[in-house]
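Protein sequences appear in the order of chains A and B. Position one of the first sequence corresponds to residue 1 (our numbering), numbered consecutively onward. Position one of the second sequence corresponds to residue 152 (our numbering), numbered consecutively onward.
Hints listed in this document are in silico derivations from the structure and should not be mistaken for laboratory results. All C-beta atoms in this analysis are idealised placements derived from N, C-alpha and C, irrespective of residue type, glycine included. Among the hints, a few may not be true.
Unchecked claim - Which chain B residues face chain A? A few, computed with CB under 7 Å, are given here:
#, residue
1, P273
2, V274
3, V276
4, V277
5, A351
6, A364
7, L365
8, Q366
9, E367
10, R369
11, R544
12, T545
13, G546
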Amino acid sequence: MQARDIAVQIPTVTLADPVARAVRVMGLGRLPGLIVVDRSRRPVQVLPGTQVLRLVVPRAYQEDAALTRTVDEAHADRFWQEIGEMTVGDCLASPKTRPVTVRGGATLLEVAGLMASARSPLVAVVDATGVLTGAILLDRLVAQLALVEPG
Amino acid sequence: MSGGLALGIFVVAFAFIATEKVDKVKVVLVAAGAMAVLGLVPGAEIFFSEHAGIDWNVIFLLFGMMIIVGILRRTGAFDFLAIWAAKRSRGRPYRLMVMLMAITAVASPFLDNVTTIMLVAPVTVVVCKRLGLPAQPYLIAEVLASNIGGAATLIGDPPNIIIGSRAGLTFNDFLVHMAPVVVLVFIAFVLLTRLLFRSAFRVDATNVEEVMALQERRAITDPARLARCLVVMAGVVAAFALHSVLHVEPSIVALVGAGVMILVAREDVSDALAEVEWPTLVFFAGLFAMVAGLTHTGVIRTVGDWTVDFVGDDHFAAATGLLFGSALLGAFFDNIPYVATMAPIVEDLVAGAPDAATGEALWWAFALGADFGGNGTAVAASANVVALGIAARTGNRISFWEFTRYGIVVTLLSTTMAWAYVALRYFT
Chain A
1 MQARDIAVQI
11 PTVTLADPVA
21 RAVRVMGLGR
31 LPGLIVVDRS
41 RRPVQVLPGT
51 QVLRLVVPRA
61 YQEDAALTRT
71 VDEAHADRFW
81 QEIGEMTVGD
91 CLASPKTRPV
101 TVRGGATLLE
111 VAGLMASARS
121 PLVAVVDATG
131 VLTGAILLDR
141 LVAQLALVEP
151 G
Chain B
152 MSGGLALGIF
162 VVAFAFIATE
172 KVDKVKVVLV
182 AAGAMAVLGL
192 VPGAEIFFSE
202 HAGIDWNVIF
212 LLFGMMIIVG
222 ILRRTGAFDF
232 LAIWAAKRSR
242 GRPYRLMVML
252 MAITAVASPF
262 LDNVTTIMLV
272 APVTVVVCKR
282 LGLPAQPYLI
292 AEVLASNIGG
302 AATLIGDPPN
312 IIIGSRAGLT
322 FNDFLVHMAP
332 VVVLVFIAFV
342 LLTRLLFRSA
352 FRVDATNVEE
362 VMALQERRAI
372 TDPARLARCL
382 VVMAGVVAAF
392 ALHSVLHVEP
402 SIVALVGAGV
412 MILVAREDVS
422 DALAEVEWPT
432 LVFFAGLFAM
442 VAGLTHTGVI
452 RTVGDWTVDF
462 VGDDHFAAAT
472 GLLFGSALLG
482 AFFDNIPYVA
492 TMAPIVEDLV
502 AGAPDAATGE
512 ALWWAFALGA
522 DFGGNGTAVA
532 ASANVVALGI
542 AARTGNRISF
552 WEFTRYGIVV
562 TLLSTTMAWA
572 YVALRYFT
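If we strip away everything but chain B, and leave its shape as in the complex, we get (with noise of 0.2 Å):
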């Protein structure tokens, strides 16, 4: 009965949240409080739970970053080196695509990808009316890349915090099995992209100049700074990359990393604070306290079982199973929830697995599937959904389908890419 009526309430909860009718986060706390209201979880779990209620690591860590990442903008860092590039294209469109798209996926593993596609999309939208060139391409083709780039590391991609943080797989498990893939399928998206957008490639050499016009130097004001909050920013990349020698959690390190930026950069705390998205914090914490709900009703524990028996002993038809299942869920609701729920479910099935290489395996299965899906529709990922708003706002608008038709064929090469990757590495 309890479980029947969790089930009820979050599939109300996750509906509202797909068509996004009502503010998500107003979605997610008037369920996650129904649950506790109604007794279907204890408040004690919610909060003070490691395994079944808020994940606090996922919290802080995002928390942490967002703070790093904040006062990273700031430094004009990103407007330098996108504007470098745009004028090392010398106006060539093709080029100037593809350099846009590395920048966009060099980045993205250690930024967040709304972030990325917040500091890439305006320098693009300039320098493609400078040229007189369509900026919608360019800004899909960015989103794209971000989310492949994203893919690689623990801290690229929310669903990889929430997968890193309940798999226990750390930052160089994440660079080990994920960026092999993420680098190969890149390479064939970009080498898609001559075909899908090459309607885009038409420019006119009389607007060349107007690029080079732009005084990418003046971006950065304060060198000394940039170099400073560049070396907080490896240092934290190091202190992930280091959790097996220094055993301190992500979170803990972005915690660290985010009051030592704040110090180097001589930053106002309030400022720095400003850059914290405290709406998807809130997202995630109610989002984690529903899905507590149906952890403590039982409803997970069974439908993980029903998985588990379903699958029997055919590991690889799970892994594909998650990753393809995955990639076409993920891509039409936002992976975020998508895999905060299922990451339990995931759990139970690599509770079954017959070693722990196979249990890791589906785990990135698991990742690829939910990554890579954050391409297939608009709404897919909030970086998706982000970029269509910048769009819109700079006179760009991109419908849609617009972007879809195009996120369905990038979605389907980089999962038939990761299947064929998942299947040779670890079940062959």
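If we strip away everything but chain A, and leave its shape as in the complex, we get (with noise of 0.2 Å):
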């Protein structure tokens, strides 16, 4: 079985889009996390659920245990709107690390590598030209290999 085989098709987000409409894509669509692709639908990111948080934390507190705890509860409970306008670009940390992607012919091995080393519930599938095709969600692949009987 190969990766185009499991993937299926998931809403996506760009650069441009404000980080509450990427916040509701992932929780309306209960995805384990966004992929962000650019105006050619190519992966920019692919953004496990945890660090999806980053974009929702306002970096002063990230960068900040400490500062964090000084916030009170009624702030605390509202934080997320401090981000305000800003976009998925605006928020995504920099260095951007490499998208976590594979090719539609990949072996699951492949994959269930790729998703442990990189810690990611969610691969991107791209074509030759780098194109999105769809996407592997850590629980389609493990029911997949769960299916598969020993010998």
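Each of the two chains sits in its own frame; use the hints to bring them together as a complex.
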């Protein structure tokens, strides 16, 4: 079985999208992460869910744990509103890491190995020109592996 | 021939560093490697010549201080102090700015400027947001204060570490000769900010409660650990100050201090080492290797001889040229590579001085120019670049010119005051 056989279509975001939209896409789609694409639909970043939080938590708090502790409960409850109109591109860490992608012809072992090494429950599947054709989610990969009978 | 080749490699590398087109660590590694491979400087000289090669005192002083400061910053003391100050200002913007600048200027002689900015900038952004104030003027004022305050001591600014090591100047020498003028310049700067940033001092009084809601006491989770760390930091500063009694190199003091800090803070070694900015240390090492190429091929000696001939007996003119020239060049290039390159040339100049006091005056003029020049433009010092990065990431973008138009004014003020200080103290 190959990557293209278990890939699914999921909604994506671009660098110019507001962070609020990115959070909604992930939350409403119940996705384990997000794929950020450029105008040509080439993946720029593949963000595991925990890294999507990096978009939402204001940078001042990410860089200073002691400062985070000083925020009172009322403000802490609505911390992510401080992001305001910032875009996904504004909030991505720099330097950007290489997006977690595989070709459609990759084996399940390649996909599993990539997910494990990149600590990402989401892998983007791309064609020969690097354009996104689908995504492999961790639960789908594990379910597929579980179906394979020993021997 | 070899001198021309070394100079060519150096100039090309310096151009890449100055324009920041390529990662500066890559640039110095390639340039230093080219010098070694082409036989412009022997490897043994790069690694083992105390004077002409890599200055390990500088590298290990920075290494030790990075660990000490990295552990100290995690205690939350800085956040406590900055929020306490913001609350004490009761939302009055100018008072808030002065208090934040004062914290920055007091901390920066003991912590490096980049660390100081990384500690104070996030709190500033949060406080300004709650008060509905633009964070940019406050961040700019802090960077300028940090570069001024850092000039006061041996460990406050990387150029001082290089100059101190090259000239054999102690922590106390810096305190005695640099701190007085730094205090005067800081006072003048604080008064000037009232005028410079006057448009940033309008606040809605109803926002003050937002700042008062911050809980600064929660920043410090382990007061006993903080107390132990502060004792170690005080011990390190005392050991720097007692150099003439203890005869222990600053780099050794920093390394021992880092070890003791790891022990008393019960810090994991790998966490402590994660605080070390390895690219910065590699950059310094590569830079020293590049300069070693210039020294070994006689370029530094030639330039030094020209300079000595040009200056003749007029050492006050030399001090003036060093001060303003360093401020000007330091404003457009990162002042660290500038000082690393110029230090051997200044050493030649000092060797031609009629007495030790005049020679030392030239070192102080050089240090003041390079340190204060760090305020000149947005790229003149690492702290400026770091502050602009934090500003951008928190949605408070500061453009090159927005910073520079304030930086130029403050650099003019500080270098003019420094020149008057040098003239009055050493040449009358």
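Closest C-beta approach of A364 of chain B to chain A relative to 7 Å, hint status:
Because about 5 Å separates A364 of chain B from the closest Cβ in chain A, which is inside the 7 Å limit, the hint holds.
Interface hint check: T545 of chain B, Cβ to nearest Cβ on chain A, cutoff 7 Å. Holds or violated?
5 Å, holds
For the restraint on E367 of chain B, tell me whether the closest CB of chain A is nearer than 7 Å.
6 Å, holds
Would the stated hint for V277 of chain B survive a check requiring a Cβ distance to chain A of less than 7 Å?
6 Å, holds
Hint check: 7 Å Cβ-Cβ cutoff, P273 of chain B to chain A
4 Å, holds
Hold the hint about A351 of chain B up to the distance rule: shortest CB distance to chain A must be less than 7 Å.
It is violated, given that the least Cβ distance between A351 of chain B and chain A is near 19 Å, above 7 Å.
Proposed interface contact between R544 of chain B and chain A, which counts if any beta carbon pair is under 7 Å
4 Å, holds
Is the hint on R369 of chain B kept, meaning its closest Cβ partner in chain A is under 7 Å away?
4 Å, holds
Would you check whether L365 of chain B satisfies its interface hint, that is, whether its CB is within less than 7 Å of any CB in chain A?
This interface hint holds because 5 Å falls under the 7 Å limit.
Against chain A, is V274 of chain B within 7 Å by beta-carbon distance?
V274 of chain B check passes; min Cβ-Cβ to chain A is 6 Å, inside 7 Å.
At a threshold of 7 Å, is the proposed contact between V276 of chain B and chain A supported by beta-carbon distances?
With a minimum Cβ separation of about 5 Å from chain A (threshold 7 Å), the hint on V276 of chain B holds.
Given G546 of chain B was flagged as interface, is its beta-carbon under 7 Å from a beta-carbon of chain A?
For G546 of chain B, the interface hint holds, since the closest Cβ of chain A sits about 6 Å away, which is under 7 Å.
When each numbered hint is compared with the structure, a violation occurs for hint 5 only.
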